[in-house]
Amino acid sequence: MSEEATTKQSRRSPRTPLPRRDPKQRATDFGEVALGFDLDAALAEAKRCLQCKRPSCVAGCPVGVDIPGFIKALEEERFADAVRILKDRNNLPGICGRVCPQETQCERECVLGKRAEPVAIGALERFVADWERTGEKRESRVEENLTPRSSSIPSYRAIAPSPQPFEGEGGEVPKVAVIGSGPAGLTAAADLARHGYRVTIFESLHAPGGVLRYGIPEFRLPRDVLDREVDYVKSLGVEIETDVLVGKTVTLQELMQEEGFEAVFIATGAGLPWFLHIPGENLAGVYSANEFLTRVNLMRAHRFPDYRTPIRVGARTVVIGGGNTAMDAARSALRLGSDVTIIYRRTRAELPARADEVENALEEGVKLDELVIPLEMLGDDKGHVRAIRCERAELGEPDASGRRRPVPIPDSEFDIEADTIIVAVSASPNPLLVKTERRLRIRDDGRLVINEETGETSIPGVFAGGDIANDAGTVIAAMGDGKRAAKAIHEYLQRKYL
Amino acid sequence: MAAGITRFEVEAPRIARRAKPGQFAIVRVDEQGERIPLTIAERHPDRGTIAIVFQAVGYSTRQMAAMDVGDSLADVLGPLGQPTEIRRYGCVVCVAGGLGIAFMYPEIVGFAEAGNEIIAVLGARTKDLLFYLDEIRALSAEVHICTDDGSIGRHGLVTDLLRELLEKGEHYDYCIATGPLPMMRASVELTKQWNLPTLVSLDPIMVDGTGMCGACRVTVGGEVKFACVDGPDFDGHLVDFDELAKRKRAFAEEEEICRLQEAADTLEAERAAES
Chain A
1 MSEEATTKQS RRSPRTPLPR RDPKQRATDF GEVALGFDLD AALAEAKRCL QCKRPSCVAG
61 CPVGVDIPGF IKALEEERFA DAVRILKDRN NLPGICGRVC PQETQCEREC VLGKRAEPVA
121 IGALERFVAD WERTGEKRES RVEENLTPRS SSIPSYRAIA PSPQPFEGEG GEVPKVAVIG
181 SGPAGLTAAA DLARHGYRVT IFESLHAPGG VLRYGIPEFR LPRDVLDREV DYVKSLGVEI
241 ETDVLVGKTV TLQELMQEEG FEAVFIATGA GLPWFLHIPG ENLAGVYSAN EFLTRVNLMR
301 AHRFPDYRTP IRVGARTVVI GGGNTAMDAA RSALRLGSDV TIIYRRTRAE LPARADEVEN
361 ALEEGVKLDE LVIPLEMLGD DKGHVRAIRC ERAELGEPDA SGRRRPVPIP DSEFDIEADT
421 IIVAVSASPN PLLVKTERRL RIRDDGRLVI NEETGETSIP GVFAGGDIAN DAGTVIAAMG
481 DGKRAAKAIH EYLQRKYL
Chain B
1 MAAGITRFEV EAPRIARRAK PGQFAIVRVD EQGERIPLTI AERHPDRGTI AIVFQAVGYS
61 TRQMAAMDVG DSLADVLGPL GQPTEIRRYG CVVCVAGGLG IAFMYPEIVG FAEAGNEIIA
121 VLGARTKDLL FYLDEIRALS AEVHICTDDG SIGRHGLVTD LLRELLEKGE HYDYCIATGP
181 LPMMRASVEL TKQWNLPTLV SLDPIMVDGT GMCGACRVTV GGEVKFACVD GPDFDGHLVD
241 FDELAKRKRA FAEEEEICRL QEAADTLEAE RAAES
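Chain order of the listed sequences is A and B.
The first sequence lines up with residues 1 to 498 when you count with the working numbering.
The second sequence lines up with residues 1 to 275 when you count with the working numbering.
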């Protein structure tokens, strides 16, 4: 067979599935669920890419990764090049390769997807990031089985793309403060450091990562992947100060006027949990998803008493909500030994969570009770929750969000026994900082008013992005905001110094 | 500073500069540690320190008590919560029980500075558990002391003392009550009868302390508040103490596990020392 024919055939070959651990096994521990491609699978999948001249996938990526470029490098086994191309636009590829909703972004735009299945871009991104992270191990495998084109594996840091330096007139390089070390903050900080700025991230919690640390469970995003990507950002020269709550420990004004920061990026996220405001919600055993996930992810409560923060998960857990956070909370409770039911007002088709994560949850044994509206939480005489009273619903006319509205069915009340209830309905922007700075203009929904092009707030030199400014609610959208703000801050400081 | 009560002076220049009466810090002992909210009892911006006072009652606080001068805590975050609204009310009666004195001391400093007359009513289980007495005496017009065992001052509870003072016809314009939950609750029951506005400082279970988790939610005047960002001070007459008491017991079993674990650790250490 000619080489061309082989290539064509592999392009017609089906999408390589991402291997996952057996549901029964993974439901009992916090190890990663998705296993990632091995080299053969990655190369086979890379060959499926059509290498479009005008790639629509790139337009679907909020940070504009040169997707065909990195896939081409991967296909040709130029791994270090693949890393470099990826990192030129994406500072956190190991994270994005795992938690990005590719199916609604790059992969949705993939031309192959119109006739068959799109290229598994996310899985390839993850492969490249993991190749770099575990470089030495992979190198030996490459040498055994194949002849690598790049003879040596560059060190972790060396793969950082070359910076575009700040070119100001004389004096010191300006200092930039980034508030919050979640995906938006880390991305902006990395880009700014690559421009040559002296960047300090202020994080209120004791460990960096924001929602990546306290929100996303380790079975979706292992801690060593997160730690290594944070280390990468630090290796670019970014300083991270933990235990600093800007607005309380130090004010925005003090940072700018006394500590000499010439620009600030606010990326404080959506930290305020919503409750349903139904009776019984303050019973013991009722958690916000934020509390439940923070106890496990940040405080390691699943390893109590070795780690000193406790968590109480009863025999039966009910999770209220249908987003990714609800899935994360449900799957965490399951792993802590509980029987878990998610109740949702609409049906599976309307669940806002990623389809993959819903499938993962159900496979593992989480139950989904659709068209259920919670009414009241019932407690025992000690003030601990024992059940949740609900009513059935049916789908009515579409509401403002375009989804069909759940309409209660009269006289359909019923109780679900539960000794743990997790409320995962939504979260609002974190009001703490913005309330302490009157010059910041705030929208009705609590988000900051920003210039859509630059991310600049109502205070000159102060920019914002991520969930404090936009309501996309995804890691990659926050990263896109971080990138945009870094560019705008660079332009702002260049103007200031020229 | 007293039996089982320890005062730490912690280097934290930023917190020392900004802390105000009523605010707290969150500390973590080590990488496995829980986040412990503790009142900022003193601030010394000149030397860049704050002081925290705690009683060794649980695993983490006993761990802290075992630390030496010069050791480092893994984390100190603050100042958190809303500062107490300090105004000139006139005569302020400050009722503090046990560790509540650590919260009360900076309040007394603040209210005295604002020109209020301070009547301190302090109580503890026994004489050795009282602290900041000299400092409080220096700022107060009257100091009334009681202990559960009568080892110093009156034999009885602070609420008994407060009741006597009120029944005697003493007039107060404002009351602050801090200490164990039952003590605050009893104080509030009393001051309600006398229409005496009363501020309490609540210490519900907290995790992050920055408004993110909602573990510390309390019902105040029918509204749900987060003690970490809306408090920890609230109008005592509006607090749902019953709900708060139940919520505070949510992890009682886990606290017991910690106690057992600690006992096992001690036993193991003793055995190792023997062999």
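These are computed hints drawn from the structure, not numbers from a lab.
All residues carry an ideal CB built from backbone N, CA and C; glycine is no exception.
Do not rely on the hints blindly, as some may be mistaken.
Unchecked claim - Calculated lysine-lysine pairs in the BS3-like style (CA-CA distance at most 25 angstroms, straight line):
(1) Lys246(B) x Lys435(A)
(2) Lys248(B) x Lys225(B)
(3) Lys246(B) x Lys382(A)
(4) Lys53(A) x Lys72(A)
(5) Lys175(A) x Lys234(A)
(6) Lys175(A) x Lys487(A)
(7) Lys248(B) x Lys435(A)
(8) Lys225(B) x Lys20(B)
(9) Lys175(A) x Lys496(A)
(10) Lys382(A) x Lys248(B)
(11) Lys192(B) x Lys127(B)
(12) Lys72(A) x Lys24(A)
(13) Lys114(A) x Lys175(A)
(14) Lys246(B) x Lys192(B)
(15) Lys168(B) x Lys382(A)
Said to hold, decoys possible - If we take Cβ atoms under 7 angstroms as the criterion, some of the chain A residues that face chain B in the derived model are:
(16) Ser235
(17) Gly247
(18) Val250
(19) Gln257
(20) Pro273
(21) Asn282
(22) Asn290
(23) Asp381
(24) Gly383
(25) Arg386
(26) Ala387
Outcome of the hint check:
| no. | hint | result |
| --- | --- | --- |
| 1 | Lys246(B) x Lys435(A) | violated, 32 angstroms |
| 2 | Lys248(B) x Lys225(B) | holds, 15 angstroms |
| 3 | Lys246(B) x Lys382(A) | holds, 7 angstroms |
| 4 | Lys53(A) x Lys72(A) | holds, 12 angstroms |
| 5 | Lys175(A) x Lys234(A) | holds, 15 angstroms |
| 6 | Lys175(A) x Lys487(A) | holds, 15 angstroms |
| 7 | Lys248(B) x Lys435(A) | violated, 29 angstroms |
| 8 | Lys225(B) x Lys20(B) | holds, 21 angstroms |
| 9 | Lys175(A) x Lys496(A) | holds, 13 angstroms |
| 10 | Lys382(A) x Lys248(B) | holds, 11 angstroms |
| 11 | Lys192(B) x Lys127(B) | violated, 29 angstroms |
| 12 | Lys72(A) x Lys24(A) | violated, 37 angstroms |
| 13 | Lys114(A) x Lys175(A) | violated, 47 angstroms |
| 14 | Lys246(B) x Lys192(B) | holds, 22 angstroms |
| 15 | Lys168(B) x Lys382(A) | violated, 39 angstroms |
| 16 | Ser235 | violated, 22 angstroms |
| 17 | Gly247 | violated, 10 angstroms |
| 18 | Val250 | holds, 6 angstroms |
| 19 | Gln257 | violated, 14 angstroms |
| 20 | Pro273 | holds, 5 angstroms |
| 21 | Asn282 | holds, 6 angstroms |
| 22 | Asn290 | holds, 5 angstroms |
| 23 | Asp381 | violated, 10 angstroms |
| 24 | Gly383 | holds, 3 angstroms |
| 25 | Arg386 | violated, 13 angstroms |
| 26 | Ala387 | violated, 17 angstroms |
Checked against the numbered hints given earlier, the structure breaks hints 1, 7, 11, 12, 13, 15, 16, 17, 19, 23, 25, 26 and satisfies all the rest.
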